[in-house]
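*Asks:* Here is what each chain is made of, one letter per residue.
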Amino acid sequence: MAAKATVRSLLGQEKHGAKRRVLLRRLFLYGVSLVLAFWLIGPVLWIVDASFQLDNELFSIPPHWIPHNPTLDNYIYVITRVPPPAYDFKPGEVRMGHKASGEALAAIPALKNSFIVSTATMALNVVISVLAAYAFSRLKFRGRGLAFNFVMFTRLIPPIAVAIPFFVIIDRLGLLDTYLALILVYLAFTLPFTIWFMTKYFDFMPPDLEDAALVDGCTRLQCLLKVVVPVVAPGIAATGAFAFMNAYSEFLFAVFLTKTMAAKTVPVVLTAAAINYDVSYALASTAVVLAIVPPILFALVFRNYITSSLSMAFGK
Amino acid sequence: MAVTSKKRVWLFSATAAGRRHIYAYLSILPALLVLILFTVYPVLYNLNLAFHKNVLTAPGQHPFVGMRNFTELAKNPGLLRSFQTTAEFTVVTVLFTIGLGILIALLLNEQFFGAKALQVIILIPWAIPVVMAGIIWRWMFAGNVGVVNGLLYSLGFIDKYYSFFGNPVTAKAALVIARVWKDVPLAAILLLATLQVIPPELYDAAKIDGCGAWAAFRFITFPFLRPTLTVLLILQTLIGLITFDLVYVMTGGGPADATTLVAWYTYTEIFTHLNLGRGAALAFIVALITLVLAVFYFMALRSEEMYA
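Those sequence lines, one after another, are chains A and B.
So the first sequence is numbered by my numbering: it starts at 1 and just counts up by one.
So the second sequence is numbered by my numbering: it starts at 1001 and just counts up by one.
Treat the hints with caution; some may be incorrect.
[Stated by the list, open to error] Result set (DSBU-like, lysine-lysine): computed pairs, CA atoms no more than 35 Å apart in a straight line:
(1) K1160(B) with K1172(B)
(2) K226(A) with K112(A)
(3) K112(A) with K259(A)
(4) K1172(B) with K1116(B)
(5) K200(A) with K226(A)
(6) K1172(B) with K259(A)
(7) K1207(B) with K1075(B)
(8) K140(A) with K226(A)
(9) K1075(B) with K200(A)
(10) K1116(B) with K112(A)
(11) K1207(B) with K19(A)
(12) K140(A) with K200(A)
(13) K1116(B) with K1207(B)
(14) K259(A) with K1053(B)
(15) K1053(B) with K1075(B)
(16) K19(A) with K112(A)
(17) K1116(B) with K19(A)
These are calculated hints, taken from the structure and not from any lab test.
Produce the complete structure using the sequences and hints provided.
*Replies:* As structure tokens, then:
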């Protein structure tokens, strides 16, 4: 074996073979990556593509991969809610491209609602979970294990299992169709994970820094705010991102705790558009694009925090 | 007696231990309040509801009916079918999510230009809310504007558009594809994070010992991945039990009841049949299954950690 290899390398075949193998391997990796990338973002690219076409073009068979008449009319209509000329009704003319679509046109107010609810959930979640996780990680107190296990246990309750009681509680509190109802519910569903995550994060931090601050006469809270929080900022960013994105995506409770545009969030409005067979696909695609841009940007901006924190929690 | 008074003392005293306890309880109080109001109370309320008759079309009459809501459910063939569908759906999505997750993580762990780009791209499906992923895939597979149809047509595989949601098999497949598309990124990211802590010397040593690629995977990579795989298995199984939004936007449970997963079945029981009692009983059963599965998995995970 070894002798053969030596002979081959003497003849210069070894180098040639290895090079070819490296090249083939490269080609294979690129090929697989290309297919994978296509599968991952193909659907998103198509919905973006569709948002620049009118319905008459969207219904052509086969579809126009590159729009023949690219237009910003859908965006103008969804954002300003004033129909641009393409959507003007011309009597006697039958053509696609001016279907009305109330649900899609509600995208902007719904986005506003979603942002208010998600931001509030994020802020409250960060404060509550950092406080609790710090106590769970650093302090010895009676009932700690019990309280922590209780928090983890609540994570296991499937949302649909508490749908009816949630409705009753929110109704009795007089909070149906309000932001506060959604914020409270989303807090309850995001806290178990964020508390677990932050506790684990604090466990990784060496306690030396705080010990020094405590010796200097800081109270626990001062020490948490002034010394610990700056150090765990990446973990807090990941926690906040998680809470925001969860609240932004939630659908089940949003759909039956809200009734009007006073509190309807993006998923509720867009779902109503999606299951409507008579919807304007052009306008609805535009609404979907507007709705998925914020969380995608959010994920890309916080990418490093999210992946490094996940690595920390899972990679050990 | 002495012990009790001592306990009282530390709670209200100005000693360090007392202050620590007060601080600790105040810290976890907000979290506990929210969770008690929105989990303990609802679960108890739900349980009470499950043992009473409560149909919204007959208000004001809520007699105690014992186990009747449960026995009625047990006799319902639709429910049994939905459990079967859920089991199928869960097994298939778990296999694909984890299988593809491993392959993608191995790919991203390679050193080449595309890996960096892919690590960014893969976050996109993860970031898109489930409902919106559902909407996108619903339109991808649609029989009128569907781009999957468009693609197959352009490539000459079909000569007229096919109704994917009209056929039980393709409707299920569409649901699985959307679920896997949405869930694979997280699996791949977690597995990649785990792959990156494997010391490369292990592979060098294996190579010297004459191990092939498969043996290296089987005896080095896989044991490192196992705890993460167990976590993913738990997450993905629970996702199978709670998948509701995708069904809502993509298939509405159809055609017939081909894609009626148990969460969707519960929803229709509550919101279309307005039978709160039976809905609550069903919700209780689903919660119980989740709990049993979770306990089972956690035990598996615990033993995993002992081996590690």
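*Asks:* Take the hints in turn and mark each one as holding or not.
*Replies:* Each hint, compared with the structure:
no.: 1; hint: K1160(B) with K1172(B); in the structure: holds (21 Å)
no.: 2; hint: K226(A) with K112(A); in the structure: holds (33 Å)
no.: 3; hint: K112(A) with K259(A); in the structure: holds (16 Å)
no.: 4; hint: K1172(B) with K1116(B); in the structure: holds (33 Å)
no.: 5; hint: K200(A) with K226(A); in the structure: holds (20 Å)
no.: 6; hint: K1172(B) with K259(A); in the structure: holds (31 Å)
no.: 7; hint: K1207(B) with K1075(B); in the structure: violated (59 Å)
no.: 8; hint: K140(A) with K226(A); in the structure: holds (21 Å)
no.: 9; hint: K1075(B) with K200(A); in the structure: violated (45 Å)
no.: 10; hint: K1116(B) with K112(A); in the structure: holds (34 Å)
no.: 11; hint: K1207(B) with K19(A); in the structure: holds (19 Å)
no.: 12; hint: K140(A) with K200(A); in the structure: holds (16 Å)
no.: 13; hint: K1116(B) with K1207(B); in the structure: holds (27 Å)
no.: 14; hint: K259(A) with K1053(B); in the structure: holds (27 Å)
no.: 15; hint: K1053(B) with K1075(B); in the structure: holds (17 Å)
no.: 16; hint: K19(A) with K112(A); in the structure: violated (56 Å)
no.: 17; hint: K1116(B) with K19(A); in the structure: holds (23 Å)
Checked against the numbered hints above, the structure breaks hints 7, 9 and 16 and satisfies the rest.
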